[in-house]
Amino acid sequence: DTAVSQTPKYLVTQMGNDKSIKCEQNLGHDTMYWYKQDSKKFLKIMFSYNNKELIINETVPNRFSPKSPDKAHLNLHINSLELGDSAVYFCASSQDVGANVLTFGAGSRLTVL
Amino acid sequence: DAKTTQPPSMDCAEGRAANLPCNHSTISGNEYVYWYRQIHSQGPQYIIHGLKNNETNEMASLIITEDRKSSTLILPHATLRDTAVYYCIVLRNTGNQFYFGTGTSLTVIP
Chain B
1 DTAVSQTPKY LVTQMGNDKS IKCEQNLGHD TMYWYKQDSK KFLKIMFSYN NKELIINETV
61 PNRFSPKSPD KAHLNLHINS LELGDSAVYF CASSQDVGAN VLTFGAGSRL TVL
Chain H
1 DAKTTQPPSM DCAEGRAANL PCNHSTISGN EYVYWYRQIH SQGPQYIIHG LKNNETNEMA
61 SLIITEDRKS STLILPHATL RDTAVYYCIV LRNTGNQFYF GTGTSLTVIP
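Note that the protein sequences, when read in sequence, are chains B and H. For the first sequence, the working numbering assigns the number 1 to the initial residue and increments by one for each residue that follows. For the second sequence, the working numbering assigns the number 1 to the initial residue and increments by one for each residue that follows.
Check before you lean on any hint, since a few could be wrong.
In silico DSS-like pairs for lysine-lysine, Cα to Cα no more than 30 Å straight-line [claimed, not checked]:
#, chain 1, residue 1, chain 2, residue 2
1, B, 44, H, 3
2, B, 40, B, 22
3, H, 3, B, 41
4, H, 69, B, 41
5, B, 22, H, 69
6, H, 52, B, 44
7, B, 19, H, 52
8, B, 22, B, 71
9, H, 3, H, 69
10, B, 36, B, 9
11, B, 52, B, 71
12, B, 22, B, 41
13, B, 44, H, 69
14, H, 52, H, 3
15, H, 69, B, 9
The set of hints was computed from the structure by calculation and includes no laboratory data. Just so it is clear, the structure is predicted and the values come from calculations on it, not from any experiment.
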């Protein structure tokens with residue numbers, strides 16, 4: 001009964017490949033997010049969706065394309081992977097767009113070789 | 001949103017209270033203080049938040065100074081499982097552009 005679940009937990013791939021990370025929340029929340037945590041441990045927001053609509057896009061390369069088929073799911077697709085994309089990606093959700101209490105998933109560690 | 005300053009690391013003996021300080025001298029009147037923590041290899045976890053009154057929940061207490069320029073998160077009886085990085089974040093209660101800084105790495109020592 002995990003609240004925010006991400007798959008896969010680990011992903012190792014070659015430069016230039018395309019990969020996806022999936023996220024699902026069973027909290028009934030309206031808003032979902034993707035965060036990136038780099039090797040220096042800084043957590044930075046990438047995207048935010050409210051009820052399937054994009055509301056935040058933080059200067060992320062257009063190789064990253066989030067997709068929200070419904071408000072319980074927010075997937076992240078990455079094209080033409082680069083070494084610098086190696087990081088831990090966290091999905092999160094909140095009750096609504098104004099809420100600042102976020103529930104995070106366990107993270108997906110992406111390693112690009 | 002206001003910037004916060006936290007010590008990079010702290011130790012605490014198991015069973016004792018852990019007091020984690022945070023300075024936010026540029027906080028404005030409509031900004032809240034939020035605390036999250038990140039246990040190794042896990043996602044961040046919400047702990048508590050407050051505006052100007054002290055707050056307490058099952059996890060911790062939050063003490064905010066009268067001028068609101070600093071606050072302290074108190075874990076009353078630290079356990080080994082409280083070893084984590086603790087983030088103090090100041091935000092308006094309308095937006096949700098969280099920026100997690102470097103936080104304080106708390107080590108609870110047996």
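Do the hints match the structure? See the list:
1. B:44 to H:3: holds (15 Å)
2. B:40 to B:22: The given pair, whose Cα atoms are some 24 Å apart, holds under the 30 Å limit.
3. H:3 to B:41: Holds, because 18 Å separates the two Cα atoms, which is no more than 30 Å.
4. H:69 to B:41: OK: residue 69 of chain H and residue 41 of chain B at ~26 Å, within 30 Å.
5. B:22 to H:69: Between residue 22 of chain B and residue 69 of chain H the Cα gap is close to 40 Å, so the pair fails against 30 Å, i.e. violated.
6. H:52 to B:44: Measuring from Cα to Cα gives roughly 27 Å; hence the hint holds.
7. B:19 to H:52: Between residue 19 of chain B and residue 52 of chain H the Cα gap is close to 45 Å, so the pair fails against 30 Å, i.e. violated.
8. B:22 to B:71: holds (13 Å)
9. H:3 to H:69: With Cα atoms ~11 Å apart, residue 3 of chain H and residue 69 of chain H stay inside 30 Å; holds.
10. B:36 to B:9: Answer holds: residue 36 of chain B to residue 9 of chain B is near 14 Å, not above 30 Å.
11. B:52 to B:71: It holds: about 5 Å lies between the C-alpha atoms, which stays within 30 Å.
12. B:22 to B:41: Roughly 22 Å separates the two Cα atoms, so the pair holds.
13. B:44 to H:69: Satisfied, since the Cα-Cα distance of roughly 24 Å is no more than 30 Å.
14. H:52 to H:3: holds (17 Å)
15. H:69 to B:9: With Cα atoms ~39 Å apart, residue 69 of chain H and residue 9 of chain B exceed 30 Å; violated.
Taken one by one, the earlier hints fail for this structure at numbers 5, 7, 15, listed in ascending order.
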